Amino acid sequence: MEIKVNQGILSSNERTALENKKVFDENGLFVINIMGSPGAGKTTVLEKTIDILVNSVKLGVIEGDIYTSKDAQRIEKHGVPVKQINTGGACHLDAGMVSKVLTDFRLSEIELLVIENVGNLVCPVEFNLGEDIKIAVLSITEGDDKPMKYPLIFRESRAVILNKVDLIDFTDVDMNSLRTDIKRINPKIEIFEVSARTGQGINEWSRWLLEKVKDKNVKNAVN
Amino acid sequence: MHETALMAGVFDVIEKHTADLTVQRVTKVILVVGEMTNAMPDALEAVFTVFAHGTKVEGAELQIRMIPLTARCTECEWEGSIEQHVFICPHCSSLGLEIKSGRELYVESLEVE
Ligand SMILES: Nc1nc2c(ncn2[C@@H]2O[C@H](COP(=O)(O)OP(=O)(O)OP(=O)(O)O)[C@@H](O)[C@H]2O)c(=O)[nH]1
Ligand SMILES: [Mg+2]
Ligand SMILES: [Zn+2]
Numbered sequence: 001m002e003i004k005v006n007q008g009i010l011s012s013n014e015r016t017a018l019e020n021k022k023v024f025d026e027n028g029l030f031v032i033n034i035m036g037s038p039g040a041g042k043t044t045v046l047e048k049t050i051d052i053l054v055n056s057v058k059l060g061v062i063e064g065d066i067y068t069s070k071d072a073q074r075i076e077k078h079g080v081p082v083k084q085i086n087t088g089g090a091c092h093l094d095a096g097m098v099s100k101v102l103t104d105f106r107l108s109e110i111e112l113l114v115i116e117n118v119g120n121l122v123c124p125v126e127f128n129l130g131e132d133i134k135i136a137v138l139s140i141t142e143g144d145d146k147p148m149k150y151p152l153i154f155r156e157s158r159a160v161i162l163n164k165v166d167l168i169d170f171t172d173v174d175m176n177s178l179r180t181d182i183k184r185i186n187p188k189i190e191i192f193e194v195s196a197r198t199g200q201g202i203n204e205w206s207r208w209l210l211e212k213v214k215d216k217n218v219k220n221a222v223n
Numbered sequence: 001m002h003e004t005a006l007m008a009g010v011f012d013v014i015e016k017h018t019a020d021l022t023v024q025r026v027t028k029v030i031l032v033v034g035e036m037t038n039a040m041p042d043a044l045e046a047v048f049t050v051f052a053h054g055t056k057v058e059g060a061e062l063q064i065r066m067i068p069l070t071a072r073c074t075e076c077e078w079e080g081s082i083e084q085h086v087f088i089c090p091h092c093s094s095l096g097l098e099i100k101s102g103r104e105l106y107v108e109s110l111e112v113e
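Going line by line, the protein sequences match chains Z and U. So the first sequence is numbered by our numbering: it starts at 1 and just counts up by one. So the second sequence is numbered by our numbering: it starts at 1 and just counts up by one.
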C-alpha cells in the first residue's frame with residue numbers, strides 16, 4: 001500500500017523556529033545568526049562589533065559550539081550577557097536548542113541578539129533558528145572558490161563579512177572574482193571587507209547592523 | 001554530517017505517518033531533494049541504512065528524487081533553470097530572481113505492508 005506523505009523533513013525545526021521568531025518579535029529583538037567555517041573569525045568579528053555597539057544598543061549573545069565554552073568566555077569579557085549552547089556533536093544549532101536558552105535572558109531588555117552558530121560552512125544553513133537575518137563570515141584565507149562550492153550560505157545570507165583582509169598579500173585570492181561570484185549567487189547581499197585584527201571595515205559593518213536593529217525597533221514602536 | 005539530523009527528520013515523518021496504522025513493514029521511502037540544498041544523496045543513503053536498522057523500515061528502498069534549481073524573474077516573468085548558481089535573469093538581466101524549485105527536502109510517499 002502507498003501512503004502519500006508530502007511532509008518536509010525540517011518541518012518540526014521550522015515550527016520551533018517560528019515560535020522563536022514570535023518571542024523575538026514580541027520583545028522587539030533583532031536577531032542575527034552568524035555562520036561560517038571554523039576559524040573564519042566569527043567570534044573575533046563579534047568581539048570588535050560589541051565594542052563598537054555596546055553603548056548604542058543592548059546586546060545579548062548565544063554561542064554555539066560542539067563541546068567547549070571558550071567563545072562564550074571571550075564574549076563575557078566584553079560585558080554582555082552570553083549563553084553557551086553545546087551541541088554535543090551536532091554540526092549546527094537548531095531552533096529547539098535556541099529556544100531552551102531563551103529563558104536565561106531578560107529578553108525585553110535586549111535589542112540585538114547575536115547567535116554564533118557552530119563553525120561550519122554547510123550544515124547550519126538549513127536550520128532556521130527564528131532569526132531576522134543570516135550573516136556569513138568568510139575569511140579570505142579560505143580561498144576565493146568557496147562561494148561557488150558552497151553557494152547556499154551566500155544565497156541565504158543578508159550580508160557577508162570577508163574577514164582577514166589584512167592577510168591579502170599572503171594569499172592568491174582575487175577579491176574581484178570573489179565579490180563577483182558572491183553577487184551572482186545573491187545579487188542583493190551586502191559585502192563587507194573586514195579585518196577583525198586591524199579593525200578595518202568593522203565600523204562600516206557595525207553601522208549597517210545598527211541600522212537594521214533600529215529599523216525593527218521603529219517598526220515595533222509603530223505597531 | 002548534518003545528514004544525520006536530516007535523516008532524523010525523515011524518520012520522524014515516517015513514524016508520524018505509520019504510527020496509527022497496522023503497518024508491519026515500510027518497503028520504500030521516496031524522498032524529494034532539491035539541487036540547492038546541502039543534502040548529499042550518498043550521505044543520506046548511508047545514514048538511512050543506519051537509522052533503519054532494527055526498525056520496521058529495515059531493508060526498505062530509499063528512492064531519492066532530485067529536483068533541479070529553477071527560478072522566475074520578477075521583472076519579465078522569465079522562468080527557467082539556473083546554471084552555475086548565477087541568479088541573473090538571462091532574458092532581461094534583472095537581479096530579481098526568485099527560486100521556484102531546488103530547495104525541496106520532503107518525504108513524498110511511503111510504500112508499506
Ligand atoms: N590575521 C587575522 N586573524 C584573524 C582575523 N580575525 C580572526 N583572526 C584569527 O583567526 C583565528 C580564529 O578566529 P575566531 O574568531 O576564533 O574564529 P571563529 O570563526 O569564531 O571560529 P570557531 O568559533 O571555532 O568556528 C584566531 O586566531 C583569530 O585571532 C583577522 O581579521 N585577521
Ligand atoms: Mg567562534
Ligand atoms: Zn527577467
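A couple of the hints might just be wrong.
Said to hold, decoys possible - Cut-off 16 Å, straight-line C-alpha distance, at most; resulting in silico cross-link-like pairs (EDC-like, lysine to aspartate or glutamate):
#1 Lys56(U) with Glu83(U)
#2 Lys56(U) with Glu15(U)
#3 Lys4(Z) with Glu113(U)
#4 Lys183(Z) with Glu113(U)
#5 Lys100(U) with Glu83(U)
#6 Lys4(Z) with Glu111(U)
#7 Lys4(Z) with Glu83(U)
Said to hold, decoys possible - Heads up, incomplete: computed chain U residues facing chain Z, CB under 8 Å, no partners named:
#8 Gly34
#9 Val50
#10 Leu62
These are calculated hints, taken from the structure and not from any lab test. In this text the structure is predicted, and so the values were computed from the model without any measurement. Using N, Cα and C, we set each Cβ at its ideal position, and we do this for glycine too.
Hints, verified against the model:
With a C-alpha separation of about 40 Å, the suggested pair lysine 56(U) and glutamate 83(U) falls outside the 16 Å cut-off, and the hint is violated. Annotation: proposed proximity of lysine 56(U) to glutamate 15(U) holds, straight-line Cα distance about 10 Å (limit 16 Å). With a C-alpha separation of about 14 Å, the suggested pairing of lysine 4(Z) with glutamate 113(U) holds against the 16 Å cut-off. Annotation: proposed proximity of lysine 183(Z) to glutamate 113(U) is violated, straight-line Cα distance about 50 Å (limit 16 Å).
About 14 Å separates the Cα atoms of lysine 100(U) and glutamate 83(U), which keeps this hinted pair within 16 Å; it holds. A C-alpha spacing of about 9 Å is found between lysine 4(Z) and glutamate 111(U), which places the hinted pair at or below 16 Å, so the restraint holds. Between lysine 4(Z) and glutamate 83(U), the direct Cα distance comes to roughly 32 Å. Violation of the 16 Å bound is thereby established for this hinted pair. Among the interface hints, the one on glycine 34(U) is violated; its C-beta lies about 10 Å from the nearest C-beta in chain Z, farther than the 8 Å criterion.
At a threshold of 8 Å, the smallest CB-CB gap from valine 50(U) to chain Z is about 15 Å, leaving the interface hint violated. With a least beta-carbon distance of about 12 Å to chain Z, the hint placing leucine 62(U) at the interface is violated under the 8 Å criterion.
Hints 1, 4, 7, 8, 9 and 10, counting from the list given before, are not met by this structure.
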